[in-house]
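Full structure from sequences and hints, please.
One letter stands for each residue in the lines below.
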Amino acid sequence: MNSMYYQFLKDHYGYDGNNVYYRGQFIQWSSEVGNFVDPIFGNINGLGPLGYYDPESKKYYPNGKESKPSAMQVFELAKSIGTSLSFEQVGYDNNGGLAYFVYGPSYSMGYLAFNVTTNPILINFSYFIITPSGQGGPEWEAYVGAAASVGSELYYSKTYGTWMGKNFKIYQQTWGGNGIAGGKNKFGKTTSNGFKWAGRLVGAYSGYRTIEQRVNGEIGTGWMLAELSTTGVSTFGGLYGAAWGIGWEAGRFITSMEWYQEAKFNFWYNRWESQVGPPSQSNEALWYYFYQNYKP
Amino acid sequence: MMNVFYYYYYLFYTKVLPDNQPHSTVIFTLSFTFSLIINGIVNVVFAYLFGVSLRKWEMIGIFAVITLLMYLAYYRSGKGKKIVTEKPKLFNSNKISIILTALLFLLGILALFLQADITKSILDAR
Numbered sequence: 001m002n003s004m005y006y007q008f009l010k011d012h013y014g015y016d017g018n019n020v021y022y023r024g025q026f027i028q029w030s031s032e033v034g035n036f037v038d039p040i041f042g043n044i045n046g047l048g049p050l051g052y053y054d055p056e057s058k059k060y061y062p063n064g065k066e067s068k069p070s071a072m073q074v075f076e077l078a079k080s081i082g083t084s085l086s087f088e089q090v091g092y093d094n095n096g097g098l099a100y101f102v103y104g105p106s107y108s109m110g111y112l113a114f115n116v117t118t119n120p121i122l123i124n125f126s127y128f129i130i131t132p133s134g135q136g137g138p139e140w141e142a143y144v145g146a147a148a149s150v151g152s153e154l155y156y157s158k159t160y161g162t163w164m165g166k167n168f169k170i171y172q173q174t175w176g177g178n179g180i181a182g183g184k185n186k187f188g189k190t191t192s193n194g195f196k197w198a199g200r201l202v203g204a205y206s207g208y209r210t211i212e213q214r215v216n217g218e219i220g221t222g223w224m225l226a227e228l229s230t231t232g233v234s235t236f237g238g239l240y241g242a243a244w245g246i247g248w249e250a251g252r253f254i255t256s257m258e259w260y261q262e263a264k265f266n267f268w269y270n271r272w273e274s275q276v277g278p279p280s281q282s283n284e285a286l287w288y289y290f291y292q293n294y295k296p
Numbered sequence: 297m298m299n300v301f302y303y304y305y306y307l308f309y310t311k312v313l314p315d316n317q318p319h320s321t322v323i324f325t326l327s328f329t330f331s332l333i334i335n336g337i338v339n340v341v342f343a344y345l346f347g348v349s350l351r352k353w354e355m356i357g358i359f360a361v362i363t364l365l366m367y368l369a370y371y372r373s374g375k376g377k378k379i380v381t382e383k384p385k386l387f388n389s390n391k392i393s394i395i396l397t398a399l400l401f402l403l404g405i406l407a408l409f410l411q412a413d414i415t416k417s418i419l420d421a422r
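Here the protein sequences line up with chains A and B, keeping their order. Per the numbering used here, the first sequence starts with residue 1, numbered consecutively. Per the numbering used here, the second sequence starts with residue 297, numbered consecutively.
Treat the hints as calculated values from the structure; they're not laboratory data. One or more of the hints may lead you astray.
[As the list claims (entries may be wrong)] Here are the in silico distance ranges between beta carbons for each label pair:
#1 LEU399(B) / THR190(A): 33 to 43 Å
#2 ASN390(B) / GLN173(A): 27 to 37 Å
#3 ALA369(B) / GLN173(A): 48 to 58 Å
All C-beta atoms, glycine included, are put in the ideal place defined by N, C-alpha and C.
Encoded structure:
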């Protein structure tokens with residue numbers, strides 16, 4: 001079995017030591033078709049593995065075909081995913097064939113990797129989708145939660161003894177307001193309460209959404225705990241919690257940007273290249289190691 | 297028992313984290329705590345017996361129903377304000393009341409953080 005692919009499944013789905021599960025259903029490996037029945041891989045717009053090479057048994061399992069698919073077939077299928085795919089030659093496979101790293105569509109932030117030969121017969125390839133750390137969990141909810149906390153504190157803060165009028169000016173609570181600023185209680189407190197309750201409701205929604213995502217296997221335990229904690233803190237933690245939520249979301253936003261992922265990949269690529277040299281047959285194993293272990 | 301939880305949640309939101317709408321906040325947070333526990337139990341039982349889990353809107357629905365019941369029982373009826381003047385305690389002990397209220401809150405937090413993993417592991421094992 002392809003260890004990297006299996007590791008991917010183990011990391012993203014349930015695993016009992018023998019079998020991989022998704023939502024209680026065994027993800028079936030079929031040597032006949034050379035594929036798992038896999039909900040994520042079914043989402044790659046129809047691109048499924050053309051076959052699979054088992055390094056342990058040294059047997060090739062095509063997709064129900066006797067003949068091995070050509071490299072061109074792989075390219076054509078990969079291109080059918082979308083026009084934003086780009087290919088970068090990164091090294092050679094065991095038979096001296098070219099190895100490519102394929103960047104998936106930017107919106108999915110996915111990466112696809114396989115090794116192909118130039119003969120042109122596919123002897124071994126593997127692909128994996130790596131979602132950036134910024135995906136999963138609450139998105140707009142955390143923004144709204146943080147905005148609600150800030151808004152609530154701005155319009156009426158018991159902590160700071162201030163309130164904000166209709167003219168967006170901050171006043172001390174010793175002053176009750178006028179026609180321009182509105183009333184301290186009638187406008188400031190009421191608006192503040194509106195923000196507060198919006199934030200709380202969004203927080204509750206976000207919490208249950210995160211639980212559902214974890215049960216569905218869309219996010220890992222660590223990510224779930226971080227999201228639930230952050231949602232709670234940003235929604236119920238007042239001004240400091242709101243600041244935490246904003247920082248958290250800013251980090252998520254940056255790490256999900258394509259330029260960030262590219263810059264990060266280039267940094268580690270250059271660093272690895274300076275240590276082991278450019279990809280070649282002599283250091284192929286080291287480059288294979290790099291691509292196996294690189295995580296966006 | 298519920299009255300005691302209500303009163304100590306109220307004390308928390310007036311003395312520890314003061315809120316300008318303590319009664320509404322107590323109803324919301326107490327309902328959320330109970331909904332987490334109930335949803336957690338339902339999820340685990342359903343996963344074990346039927347191999348299914350609640351979707352987010354079903355869990356939110358349970359939360360909404362609990363909130364509505366709490367609103368009718370404590371806010372609309374005026375019982376919440378009455379409780380604050382009565383100051384109910386468990387076994388007439390302030391300490392025991394605080395401990396049990398803290399345990400309820402802890403149970404809610406545990407349900408929040410653990411129910412998904414427990415449910416998932418049961419579903420995965422089926």
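_LEU399(B) paired with THR190(A), Cβ distance criterion 33 to 43 Å_ = 36 Å, holds
*asked:* Quick check: does the Cβ-Cβ distance between ALA369(B) and GLN173(A) fall within 48 to 58 Å?
replied: Given about 33 Å between the Cβ atoms, the range is violated.
*Between ASN390(B) and GLN173(A), does the C-beta distance stay in 27 to 37 Å?*
33 Å, holds
Hint compliance for this structure: hint 3 is the single one not met.
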